[in-house]
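Novice: Going down the list, the sequences are from chains A and B. The opening position of the first sequence corresponds to residue 1 in our numbering, with each subsequent residue numbered one higher. The opening position of the second sequence corresponds to residue 270 in our numbering, with each subsequent residue numbered one higher.
Worth flagging that the hints you see were computed from the coordinates, not collected in a lab. There may be inaccurate statements among the hints.
[What the hints assert, rightly or not] As a list, the in silico EDC-like pairs of lysine to aspartate or glutamate whose alpha-carbon atoms are at most 20 Å apart:
#: 1; chain 1: A; residue 1: Lys-126; chain 2: A; residue 2: Asp-115
#: 2; chain 1: B; residue 1: Lys-446; chain 2: A; residue 2: Asp-158
#: 3; chain 1: B; residue 1: Lys-446; chain 2: A; residue 2: Asp-103
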Amino acid sequence: MGASISLDFITHKFSATAEPTLKDIENRIEPGELVALIGRSGCGKSTLLHMMAGLLIPTEGCVRINSHQVAKPSAKWNMMFQKASLYPWMSVKENAALGLIFDGVSKGEAGQRVDALLDMVGLNDKKNANVQSLSGGQQQRVALARSLATEPEVLLLDEPFSALDAFTRTQLQEEVPNICRERGLTMVIVTHDIDEAIAMADRVLIMSQNPGRIVGELVVDLPWPRRHMDAGFQAMRDELMKQFKGTDTGLAGRHTSVADESEKTASAA
Amino acid sequence: MSTSNSQSIPVTNMMPNMGWFLGLFKSLQYPALGITCLLALWWVGGYMIEADPDLSAFSAFAPAPTFSALVDMVSSGEVWAPIGSSLYRILAGLVWGIAIGVPVGVTVGYFGVALKVTNVPFQFLRMISPLAWMPVAVLAFDSWDSAIIFLIVMATVWPIIFSTAHGVRRIDPNWFKVARNLGASGFQMLRRIILPAIMTDVMAGIRLAVGVAWVVLVPAEYLGVTSGLGYAINDARDTLAYDYLAAVVLVIGIIGYGLDTVCSVLIKRFNWHVE
Ligand SMILES: Nc1ncnc2c1ncn2[C@@H]1O[C@H](COP(=O)(O)OP(=O)(O)OP(=O)(O)O)[C@@H](O)[C@H]1O
Ligand SMILES: [Mg+2]
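The task is simple: from the sequences and hints, build the whole structure.
Specialist: What follows is the structure, encoded as C-alpha cells:
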C-alpha cells in the first residue's frame with residue numbers, strides 16, 4: 001500500500017551564505033497518488049526528491065511520510081535514478097535482490113522473491129546474466145525490480161527514462177504507472193518532459209527557479225492508458241504549457257520560453 | 270581472449286585434437302623463443318667466463334653445471350627447506366601487509382581529509398628502501414625471522430595502500446547513493462559494495478607487493494638467519510659452490526615467476542570489468 005507524503009514548509013540552502021535553492025515548499029501527496037514534478041534544469045527537482053528519499057535533510061521544514069518525519073533513507077521509500085547504477089560483480093538477480101539482502105532476508109528467499117518481479121519487468125531470460133551485457137533499457141528494468149523488491153510504499157523516480165530510446169521510454173512510461181496503480185504505490189516522478197508528466201501522473205506540480213518553489217499545479221484526470229494522440233492529452237499539454245509560461249512571466253527578467261526549453265531537453269535526450 | 274578462440278574454431282571443427290595442440294603451440298611459441306634467447310645468452314656468458322683465465326674459477330655459473338646442481342638439489346630434497354622458509358616469510362609479510370594496507374587504503378581513499386593528511390608522509394616512507402629499516406628491525410624484534418617479516422611488511426604495505434585507495438576513489442559515487450537508498454548499513458556498504466568494487470585494485474596492489482617483497486627477501490636473508498634462499502646463496506658463495514649458487518638463483522627466479530602468475534590468475538578471477 002502507498003503512503004502519504006507531506007512537504008512541510010521546506011526551505012533549503014546548500015551553504016549558510018547561499019541563496020536558498022528551495023523556498024517554502026508545501027504540498028501533500030495522497031497515498032497511491034501519481035505525481036510528476038516538472039521545472040527547468042537546476043530549479044531543485046532532484047534536491048526535493050532526494051529529501052523525500054531521506055538522502056538529504058532540508059535546512060528548514062521537513063518531509064513526512066505517513067506523518068513520520070523522514071530522517072534517513074529506508075527501503076520503504078525508494079528512489080530510482082537516471083542511471084541504473086547496477087553492481088557489475090553481481091548477477092541481474094543479485095542486483096535486484098540487494099535491498100532484501102540489506103534488510104537481512106536470506107539469499108535463497110530474496111532470490112525467490114525477486115523472481116516474479118524480474119518476470120514482470122520482462123527479464124525472465126536474463127536472471128543470471130552479467131548486468132554489463134544488458135541494454136540501457138534492460139538495466140533500468142533491473143533497477144525498477146530492485147526498487148520494487150523491498151515492497152516500498154513510495155517510489156521516487158528522478159528522470160529515470162531520459163537516457164533510453166524513445167520506444168523503450170514510451171513502453172516504460174506506460175508500465176510504471178500501471179505497476180504503481182496495481183500495487184497502490186505512491187509515485188513521484190521528476191521530469192523535464194511535459195508529455196512524460198501527462199502520460200504518467202494524476203497531478204503535475206510545476207516548479208520555478210531561484211528559489212525553487214511550487215508555483216503551479218495541474219490535475220490530469222485522463223483515463224488510463226494515456227494516449228499521446230488523444231484530444232484530452234493535447235488539451236492537458238496546452239494547459240500545462242500555458243501554466244508554465246504564466247509562471248515564467250511572473251518571474252521578472254526571464255526570456256527563454258518553455259518551448260525552447262522542451263526542445264533543448266528533447267534534443268539532449 | 271575470445272578472438273583467439275574464435276580464430277581457432279574452423280581448425281577445431283576439422284580436427285579437434287590437432288586444433289587444440291596447434292593453439293597451445295601457438296600460444297607457447299613466443300615465450301619459448303624468449304627463454305631460448307635467455308639460455309643462449311647465459312651459455313655465451315658461461316663460455317666467455319670459462320675462456321677467460323682470470324675468471325675460469327667461476328665457470329660453474331654456466332648452464333650445464335647449474336642444471337646438474339639443480340637436479341642434485343631437487344633429487345636430494347635439500348632444495349625444499351630454503352624454499353619453505355622463504356615462502357613462509359613472504360606469506361607472513363604479505364598477510365600483515367594486506368591486514369594493514371587494505372584498511373588503511375580504504376580509509377585514505379574514502380575520506381578526503383585522510384588522503385590529504387597522509388599523502389606526504391606516505392610518499393616519503395614509500396621511497397625508503399625496505400632494507401634501510403634493517404637496523405631498526407634488528408633492534409625492535411628479538412628474532413631474525415620477525416625482523417625479516419617486518420622488512421617484507423615495509424615493502425608490501427605501500428603498493429597495497431596506494432592501490433586500494435586508488436580503487437576506492439574511483440568507485441562510482443552513484444553506487445554509494447543507490448546502496449544507501451536501499452538501506453545499507455555502514456558494514457553492509459563495506460562488505461557488499463566497497464570491497465567487491467575495489468577487489469581488482471587490491472589484487473593489483475598485492476601483485477606489485479609480491480614482486481617487491483620477493484626482490485627484498487633475498488638480500489634480507491643475507492643477514493642473520495640460517496635458512497631461506499638468500500641464506501642458501503650466501504652459503505654457496507662461502508663454500509665456493511658456484512653451481513649451487515646459480516641453481517638457487519634459478520629457483521628464486523622460477524618461484525618469483527610462479528608467485529606472479531598466481532597473482533595474475535587471481536586478478537582475472539576477481540575482475541568484474543568486461544573487456
Ligand atoms: N550538493 C550541492 N551543493 C551545492 N549546490 C547544489 C548541490 N546539489 C545541487 N545544487 C544546486 O541546487 C540547484 C538545484 O539542483 P537540482 O539538481 O536539484 O536541480 P534539478 O532541478 O534536478 O536540475 P536538472 O533538471 O538539471 O536535473 C542547482 O542550482 C544546483 O547547482
Ligand atoms: Mg535533477
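Novice: Against each hint, give a clear statement of whether it holds in the structure.
Specialist: Against the structure, the hints:
| no. | hint | verdict |
| --- | --- | --- |
| 1 | A:Lys-126 <-> A:Asp-115 | 11 Å, holds |
| 2 | B:Lys-446 <-> A:Asp-158 | 13 Å, holds |
| 3 | B:Lys-446 <-> A:Asp-103 | 16 Å, holds |
Checked against the numbered hints above, the structure breaks none of them.
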